[in-house]
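> These protein sequences, in sequence, are chains A and B. Here our numbering is used: the first residue of the first sequence is 198, the next is one more, and so on. Here our numbering is used: the first residue of the second sequence is 24, the next is one more, and so on.
None of these hints come from the bench; they were simulated from the model. The structure presented is a predicted model; accordingly, all values stated were derived computationally and were not measured. Heads up, some of the hints might be wrong.
[As the list claims (entries may be wrong)] Pairs of lysine-lysine, DSS-like flavour, derived with a Cα cap of 30 Å:
| hint | chain 1 | residue 1 | chain 2 | residue 2 |
| --- | --- | --- | --- | --- |
| 1 | A | Lys254 | B | Lys206 |
| 2 | B | Lys284 | A | Lys293 |
| 3 | A | Lys293 | B | Lys163 |
| 4 | A | Lys448 | B | Lys480 |
| 5 | B | Lys163 | B | Lys153 |
| 6 | B | Lys206 | A | Lys240 |
[Unchecked claim] Pair by pair, the computed Cβ-Cβ distance ranges are:
| hint | chain 1 | residue 1 | chain 2 | residue 2 | range |
| --- | --- | --- | --- | --- | --- |
| 7 | B | Ile65 | A | Ile257 | 33 to 41 Å |
| 8 | B | Ile414 | A | Glu455 | 33 to 41 Å |
| 9 | A | Lys484 | B | Ile62 | 32 to 40 Å |
| 10 | A | Ser300 | B | Asn285 | 21 to 29 Å |
| 11 | A | Ile280 | B | Asp396 | 50 to 58 Å |
[What the hints assert, rightly or not] Which chain A residues face chain B? A few, computed with CB under 10 Å, are given here:
| hint | residue |
| --- | --- |
| 12 | Tyr226 |
| 13 | Glu252 |
| 14 | Gln258 |
| 15 | Thr259 |
| 16 | Ser265 |
| 17 | Arg267 |
| 18 | Lys269 |
| 19 | Phe270 |
| 20 | Thr275 |
| 21 | Leu286 |
From the three backbone atoms N, C-alpha and C, an ideal C-beta is built for every residue, glycine too.
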Amino acid sequence: MKENNFNDYKDEIYPMFKNILIPISSEFYNKEIFQTGKYLAKKFNSVINLVYIIEEKTLIQTEKSLNSYRTKFDKDETKKEIIRKNINLADSIVFKDAKRVFSDEKINVNEEIINGEFSSVVKGQLNKYNFDLILMGFEKECMLNYRLFDEVDIPIWIEMGKKKNCILTVCSNLAPNKKVPDISRSLSKILNLDLHMIYVVDTQDSVSVDNNGVRSGKKTENELITRGQQFVLDMQKKGVDIHLLKGSIEKVTKKVAEDYKAGLVIIGRAQKRKNVFGIPTKGLKRKIAESCDYSILFVH
Amino acid sequence: MNKSDDDIAGEYSLIKDKVPNINKRNIIFITLAFLIIIIFYIIPTPEGLSNDGKMMIGILLMGGILWITEPIPLAVTGLLIMIIQPIMGLIPAKDVFSSFGNQAVFFLIGAFILAGALEKHGLHKRIALKFLSNFESSPKFFTFGIMISCAFLSFIMPEHGVAAMFLPIVTSVLIVMKITPRKSNFGIVSMLSIAYGCSIGSLGTLIGGARNPLTVGMLADLSEPITVTFFDWMVYSMPIVFIALPIVWIILNVTFPIEIKNITNAKKEIKNQVIKSGKMGKQEIIVLSITAITIFLWIFLSSTIYFTLAVISIFGSVLLFFTGCINWKDVEDRVPWGIILLYGGAITLGMGMQKTGAGVWIAHRLFYGMGNDTYIVIFGIIILTVLLTNIMSNVGAVAILLPIGLSVATEIPGVSPLLAAMLIALSGGLAFIFIIATPGNAIAYSSGYFSSKNLLKAGVLSNIICIIIIFLVAIFYWRGVLGL
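Isolated chain A (complex conformation) (with noise of 0.2 Å):
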C-alpha cells in the first residue's frame, strides 16, 4: 500500500506539523517520544528541536528540603552537581539516543539543554521560534503541573507509546469545534488511521462556546443537544463516522476511546467550569492526560 506523504496533501489541508519542538524534562524521559517524532517528521518533512529542560522544581525542592541542615556553599555545591550530572545524562542517555533514531531517517535535529521550569521553557521557546507542534511525554507521578497545556497556541502531542489502531476525535459543547474536525480529518488521511468522532454535551458544564471561543450564558439541555445534533449532521454529510454523546467530557472520552482502543484522541480548545461559583476547572487537559494510556493531540 502506498505511504501518504504531507507533500500529497499540501494543497488541501492544513501546513502541520513542520517544525516540532520535542521539550524532555530532567524529572522523567520517554524515549519512546523519538519514534513519534521520526513517524511524525518522515510524514511531514519536520525537524525536529529537542530541549532538555534541568527542572528548576527539582532544584528547588531539593534545596528546599536541605534548608537548615546544609549551609548555603552547601546547598550550591549540590546543585552545581545536579545541574553537571543532568547535563552529562542529556549529552550520554538522552541526545544520543534521538540521534540513533532520528539520524537513520537524516532527520534534522537540533539539540538544547536549558535550565528552568519546564512551562516556562517551552513558552520560552515558543516566543523565540516558530514552531508548530509540541510533542512530549507525560507523567502523573512528578512535580511537573503541565500549565502550559493550558497556556500554549499550537497544538500539542502527547505520547503515550500505544499502538495507534484509530484517530478518536473529540468535540463538545465546551469547545469551538472549528479547527479539530479539520484537522483530524487531514491526520487521518496522511496517518493512514481511521477517524471515529464524537460529540460530548457536557452535563456539567450547560453552555456554549461560539467560533471565537466565546461562552454563552447557561443552556437547556434540549438546546445543546439540538446545537450538537447539528454538529452531527454536518459532520455525516462529510462522510464521518459521529456520534452524539452525554456526559462529563473527561469519563465519556476515556470510555469512548477504550472502547474504539483509539491509539490517539484529538481536543480542542474545552474549558469547564462545573462548581458552584462557576471558577474554571483547573487542569481539564491534564485530568484527561492522567486518567488515560492512549496518546492524545490538544489543539487550540
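We have chain A already, so just place chain B on it with the hints.
Same frame as chain A, but now just chain B:
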C-alpha cells in the same frame, strides 16, 4: 519593543533571590499558627492541666504547623518557639536561653566541623569509592554496596552530606552503563539505596542525624538526668541498623527486580574515579587520623568526667585548626548554624512541656484508651513517629514527640524515659515514603532515576518492615536484654 516571556523570566530569576518569598500559602499558615496561640489563650483550661500547660500545648501545635508546612525556615520556627515562651510568661528567658549551654549543642558544632573537614578534602568520597569497589561482583551486590557505603559514612558524618556526595558517584556509574532514567530497575534500586542507606545509617551513631544528639540532650535535661554516651547509643541502635539494612535492600530488589547482568562498566567507572582522586595527600591523612582519634575517644572515653561528648568533639575540631586542615572560612562555609538554632527551639519546647505538665497531660490523653498495655503503647509511639517524620522534618517530628514520649514513661508502667526516647529518636529517622520527607530522598530524586510512585511503593513496604524491626528490638533486646 515588547518583552518576551523569556526576558521577563530571566529578569525574574535575577531579582527573585533578592525579594523575600512571601506567598499566599505562607501567609495562611503563619496566620493559622498564630491563630492557634490566640485560640489557646481564649479557650478554658481543661481539667487536670494548668493554664501554662494549656499555652504550652498551643506553642507545640504552632511549632508543629510551622515545621510541617515550612512557611518560614525550620530554624526560625525554633527561634520563635524560644522567644514565645518568655513572652507569654511560661518559662523565664534565662532558662530558655541557657538551653544553648547544653553540651549536645557543642557536640553538634564539633561534629559538623569534623564532617566539614572530611568534605573539604574529599576524604568522604575516597572512603565511599574504596567501599564501593568491594561490591562489584554483580549489579545486585553493587546496589547493596551503595546502601552499606551510605550507611557506614552516615555513622561518621551527617546523612544529608553523604547523600549529596553519593549522588554524583552513582549517577556517573549509571550514565556510563547507559541506564535510562526511570526505565531501569537497576537505576531505581541504586538511587533508592542512597536515600534509604543514608536514613538507616543515620540511626547508628550520634553524628548521623541531629535528632540523635537532641534526644541525648533532652534526656540529660530531665529532672532525673539520664546520660547516654556515644557507645551506649551504638549499643542501642546498631542492631536495628544491621537488621534493617539487608531487609530493606531485599525489599528494594523484590519490588524492583534488577534486569541487568553486567557490571563491567560500573567497575571501570569506579576505578576511573579512584584513579582521578589520586594518592592520599598529607592533609587527608591528618584529617583521617584526627577523625579516627575523635571517634575512638567518643566510643571509649565519652562516659568519663574529663572527656565528655562535647569536649571530645571540640578537641577534634581544634586539632583540625592546629594542623591547618581547616580554617574559619571552611567553618563558615560548612557548618549549618540553622540546625543549632532548630536544636535550641526543640530543647526549650521539651523543657516547657515538662515543666508545665503539658507533656504528661497529652501522654495521658493519647494513651488513656490503650490502657496500661506496654506493647500497644510501644507500637503506638513507633507508628506515630514514623507517620509524623514522613510529613515533616525528622528533627521537627522528634522535637514534638519527645516531650510527649518522655511523659508517657511516667504514665505507663514498663516504658522507661530512655526506652520512649530511643523509640522516637530511631523511628524519627525512617522517612522513606515522600520526596519531601527528608533531604536524602529529595537529593536522590533529583537524579531523575525514580518516580515519586516508586518511592511510595518501596517506602511503604520498608517503613512497615522497619516498624516491626524496631518493635521487636525494643521488646526483646532493649527491654529483655538491656533492661531499658
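> Which numbered hints does this structure break?
none
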